[in-house]
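Number of protein chains: 2
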Amino acid sequence: MKQVGREIPRLEVRAKVTGRADYVHNLRLPGMLYGKVARATVPHGRIRRIDTASAQKIPGVHRVIAGEDIRKLIAEPYYGPAFHDQPILALNKVRHVGEPVAVVLASDPHVAERAAQMIAVEYDELPAVYDEVAAMQPDVVVHDMLKPAGTFADLKHLKGRTNTNVALDYHLRRGDLDAAMARADRVVEHTFKTQQCLHLALEPFVSVAEPGDGVLTIHTSSQTPSFVRTEIARLFGWPENRVRVKVPHLGGGFGAKVYVKLEALVAALAVLVRRPVKIALTMEEQFYMITKHPTTFRIKSGVDRDGKVVARACEVFWNGGAYADIGPRVTQKSGFTAAGPYDIDNINIDSYELYTNRTPAGALRGFGIPQLVWAYESHSDLLARELGIDPVEFRRRNVLREGRPQASGTAMKDAAIAQVLDAIAARMGWSKPFDRGHGTMRRGRGIAIGFKASISPTTSVAIVNVSADGSTTLYTSTVDMGQGSDTAFAQMVAEILDLAAEDVRVVHPDTDVTPYDMGTLGSRSLFHMGNAVRLAAEDARDKLRALAAEAGLPEGTNYPPAEIFKKRYGMQAGNIIGTASFVPTYKSPNAQTGLSDNVTPFWMIGGAGVEVEVDTETGAVRVTKLVNAADCGTPINPAIARTQLSGAAIMQLGFTLSEDMRLDGGQVTNASLADYKIPGIRDIPPMENVLVEAEQHSGPFGAKGLGESGTFGVSPAIANAIHDAVGVRITSLPITAEVVLRALRAQAGKPLEDE
Amino acid sequence: MKQVGREIPRLEVRAKVTGRADYVHNLRLPGMLYGKVARATVPHGRIRRIDTASAQKIPGVHRVIAGEDIRKLIAEPYYGPAFHDQPILALNKVRHVGEPVAVVLASDPHVAERAAQMIAVEYDELPAVYDEVAAMQPDVVVHDMLKPAGTFADLKHLKGRTNTNVALDYHLRRGDLDAAMARADRVVEHTFKTQQCLHLALEPFVSVAEPGDGVLTIHTSSQTPSFVRTEIARLFGWPENRVRVKVPHLGGGFGAKVYVKLEALVAALAVLVRRPVKIALTMEEQFYMITKHPTTFRIKSGVDRDGKVVARACEVFWNGGAYADIGPRVTQKSGFTAAGPYDIDNINIDSYELYTNRTPAGALRGFGIPQLVWAYESHSDLLARELGIDPVEFRRRNVLREGRPQASGTAMKDAAIAQVLDAIAARMGWSKPFDRGHGTMRRGRGIAIGFKASISPTTSVAIVNVSADGSTTLYTSTVDMGQGSDTAFAQMVAEILDLAAEDVRVVHPDTDVTPYDMGTLGSRSLFHMGNAVRLAAEDARDKLRALAAEAGLPEGTNYPPAEIFKKRYGMQAGNIIGTASFVPTYKSPNAQTGLSDNVTPFWMIGGAGVEVEVDTETGAVRVTKLVNAADCGTPINPAIARTQLSGAAIMQLGFTLSEDMRLDGGQVTNASLADYKIPGIRDIPPMENVLVEAEQHSGPFGAKGLGESGTFGVSPAIANAIHDAVGVRITSLPITAEVVLRALRAQAGKPLEDE
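Protein chains in written order, with my numbering: chain A, 1 to 755; chain B, 1 to 755.
Derived from the structure by calculation, the hints contain no laboratory data.
You may find that some hints are simply not true.
One copy or any two copies: either way a pair holds, since identical chains are not told apart in the list.
To be verified - Below, computed lysine-lysine pairings styled on BS3-like, alpha-carbon distance capped at 27 Å: (1) Lys159 - Lys566; (2) Lys567 - Lys587; (3) Lys159 - Lys587; (4) Lys308 - Lys193; (5) Lys566 - Lys156; (6) Lys156 - Lys567; (7) Lys587 - Lys413; (8) Lys566 - Lys587; (9) Lys543 - Lys587; (10) Lys159 - Lys567; (11) Lys677 - Lys625.
Sequences and hints are given; from them, build the entire structure.
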């Protein structure tokens, strides 16, 4: 292949480094108003009154709008991908600190900001719940009633449920757990926890709504333009073709910018005031939008004397915060892989999505998998120790091999689990002698692997437009937020139409221009849209051949398109429009057992190997080597694939060692990049990024997605390495020096006193 | 049919009356510079020097650019649809007063205007030629060498011709003219002339070029976005997919806004200064852009004693002005119908496109036909008088009947010539007694018919996009400039997809979005794009049916699209993209004889009947009744079709009675709406607009274009009516009171003295 496999730089690199790439933050429209949001100051409370008078008085303020104003426009102003539970602006109640209560509109954003601070809201405060396990008891109920979105058959049974915080409970039953546990030689149980953290895209959320002639245009930093279009149309009761959603470049998404975020708000405001409205969040405000689920995971395994896991029970509690967003799907879609990439005959999984009074939690790179791997791979090492088996060897005995059924009953296909494990072990020199350090500086190493199913069933549509001079343009609604999809798709189109990838123009999402795509999430684009792009390019190629035949050009010989058009139309005229839709087959799980033999179109496999130095005096942990490996099928652009691996690993490194969104009485105490520490360039360890050569037979040119695979193994591999170095086991994230030091002191029988 | 045939208002009416329709004149972009053009003050001259220093000194002037600056960017900065003869800015020579010589760029348009007036240009003046017949002699040569566009095989033989002003000469030879003339009972010859006039769209020319990331976007008031894209790409040597042309609403076009007008200039400027550049012309400047050909037509007929025309010789001289624009095609494509819609066995046609030192002439509603009909229908009446036959009866004896070959040899098909003639006669009550007035107020009536071939071969492509909720969007590059194409196409799509036309969204031309179309000109859209739209909608309908089958829905039953998508994709997801190209068959005329049996996909037929009052004391002419009739096949929206007829007739009324672009030494002396008189509301006579029911079998739903048919008969019908009223024959346009009075006095042997 000439184009697929090339390691060309991203198509947009030049535009980005020269500052010419356009972002919604740069967009200014004539007559545009800036909206500034006044946010809830209490975690849970009934709104007694909203005093907007003094804000309204500030010179330059165009209008102040609260929830009731929006209700005049939209009778049911609630949105959400799984549940219609989130009000565009708070109505009657607020459910988390930072929830939008009112908006000030002004031509000058600074005026809007000053005025927003003048809005006084009186609340009757209500008791709040923050912990996912505590939320299982309905002592505090966050939502009076569950309101699943009408569209999903599998959520219908939840409709109208009251007196509960459990938005969704997912259960899987495979084999006979109790009998197998009873037969097991040893039964071991642990509990692991993860913290709340967030995406922190360096481009904060921003949306602009522009009322036009029969059409409302929304310019937004979204990963899901097609969904935004559908959801906004639903809210207003309009047909889809009256809503236009445009997405230029994105400054990172990581799952934060999926579904509806600011779009419903700016849309409602723009329709109310009949002027363009822009809302651009600050870094601080991002802490009140969407986060990663805190979790509590109780995992219990029964093993036989050969180190084979015969039974596993998983109980996962997902802290979804105040609004469901896509959390219920995390609970469910990730839930069924909670037992890990291991071949276990008897499995129970119980997974619960819980409402609490925190910032909502949704999708974040990995879609729940890193929380699961954190637990089951820490657990794997503890099992191996228990049995005195080398941790790599222990995994080798248990990993799911090609063709074996996963917990759901779906057979593993094109899933290089063992190969990823072996690749990491090899790069770590696992069998070779290892310097364990000395004195106060102890060294250890650890390994971890994980897997993920792709979201299904989802649809992608692509259009390939060949101009009369043969120059070609690709239309997809996939959002390139840095993952390199534009480039990979251009390489595929170029491969099929015999062009240079650099010459293919990729038009960015614009629902008036680019056809439907379910969304840029779950590492689905390269596989789903990739297949649609491949088919659309093949359609264009076939139509070109037909045109050549119409033009009377002899078959077989490959004429340049320009020549074909000229011959057929008598001049440089015409177009070829190649189109295709792609949707993989899927079988929804049985409602009782949670089993299905076709839950995913492909499997993502990733793992990490880590070497650490632990300072036993301070608890400081330094990662001295990080090996990231993943099965990415046959990569379209290996260079970009490797950056996807390292990017994911670095992000997870932050979630492992430092990032932690701290709450005090429901108030976020570190809502800034100064206090909330993401990895800096000096925190990045020496890394090796290994693409395990494989082939995804159902993928375009053998490829599959890998935007998340790099996150899977990092956290448990580090905990395992620390245990290996200093013999303490950390069971909660993040693993700060303080946490390690406390564990060391406790181990030494001299617990650290709190000041 | 439920949607086709409905008389719904235009889709955009609401946007237009509420002022929300967007025009390029309203477009402001960040960092945009306004360009003001400094124009040639002499009709023909060599540029000795251009002094831009004093203009450059004016505070606020960003830059002054002349032809040589553009040559640094584009080696061959000449454009044109038929000849590459027109420089983006004058190089070495200027060829007409008002030719662009330099441009001042400034953020403030008033600054740019003031500075443009400071630009001093020194010329070596050259002798000039203004008359089309005089230009046949190469005493003054406007262009040193002919430069036909490479794309057209039929122009290749002109390449490199020197020492001539004849840009194109077209000749048709049918039968044996000389023998037939010799046999004829009577041979009559006349010469008729038309004046230079212009389109005067109430939205003057305006274009904005916006340099972007890898793409140059041109927002322009153009009737031919696809051509602009191709031509700009050619000038810069770029692939088409690096140029994006967007056209919002148009405030009238009438053939002025075809091909390249300001687009090459703003594109070159924007690329030079790397900022958006806007040029918006004043009303006055429109007089220096593009006009309607002045013509001299020598027509000679041989008739037998039954009033049958047996031979006709036509010699037409087209005054093309300084640059060819599309003039050569007027000479050619209209040339072959110069003998009129009559069944004549022996025909010679010689048609010449001439360069002169006037503002260029191109396409104007009718594309040369009104000039031809003016001559051959004035001539018809004179022949009838000569033979003492009623003029309607005379025409009945000679009109081309269905199936008979037209001069070119192409058979008349779906051409209701006789029916149009009869319809006019009937509405005029031709057979009934007629009040001829008395004293100084004499009344008369006249009739005239004409026909036109459609431009061929040309291509149109359409896309019909059905969203998951069934709402539908149509993409075409047809420009709706008031003719109602958006509405007519929406009605066709709605008919096929069983929707309401009002619910179909029509996306306006954007070459990144809407597929190729040759252009909105020559009344081709309803037929050509209409066929593409119909086929694309049928493609969408078929794909919907296929999707229903995939979804396992039983055949035959018509499910709402929303249901089909939901069933197939498990949610409101997906798209159907229907596409189609349409290009009619065509046979290019024989180079020697000008004959072809397939020159046009359809025929346009139009005519007028007129009653006038002539004041014999003042020469004032008042039209008291105007009947416009045309064959429009089966109208898609009869109400809009009738407004097309009346609009065309009113426009031609101005060209007949008042409009006249006057020259004095090459200077336009009436370049303003104050001095150049277009018809006002009080000039509009009582009108009847008659759609002659017919069917264009090859047209979409039996329809054909009629945007020009209303222009054909007006001028000669008025001249014929004046002759009928007061016995004088006017042979030159416009027919002002002064012209009529002079004729009356001459007739009375008391010629009017000039003051």
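For each hint, the structure was consulted:
1. Lys159 - Lys566: Between copies only: 20 Å across, 60 Å inside.
2. Lys567 - Lys587: between (49 Å within a copy, 14 Å between copies)
3. Lys159 - Lys587: within (23 Å within a copy, 68 Å between copies)
4. Lys308 - Lys193: within (25 Å within a copy, 103 Å between copies)
5. Lys566 - Lys156: between (57 Å within a copy, 16 Å between copies)
6. Lys156 - Lys567: between (58 Å within a copy, 17 Å between copies)
7. Lys587 - Lys413: The answer is within: 16 Å in one copy meets 27 Å, while 59 Å across copies does not.
8. Lys566 - Lys587: This pair counts as between: shortest inter-copy Cα distance 16 Å, intra-copy 48 Å.
9. Lys543 - Lys587: between (34 Å within a copy, 25 Å between copies)
10. Lys159 - Lys567: Classified as between: cross-chain Cα gap 22 Å, same-chain 62 Å, threshold 27 Å.
11. Lys677 - Lys625: within (21 Å within a copy, 85 Å between copies)
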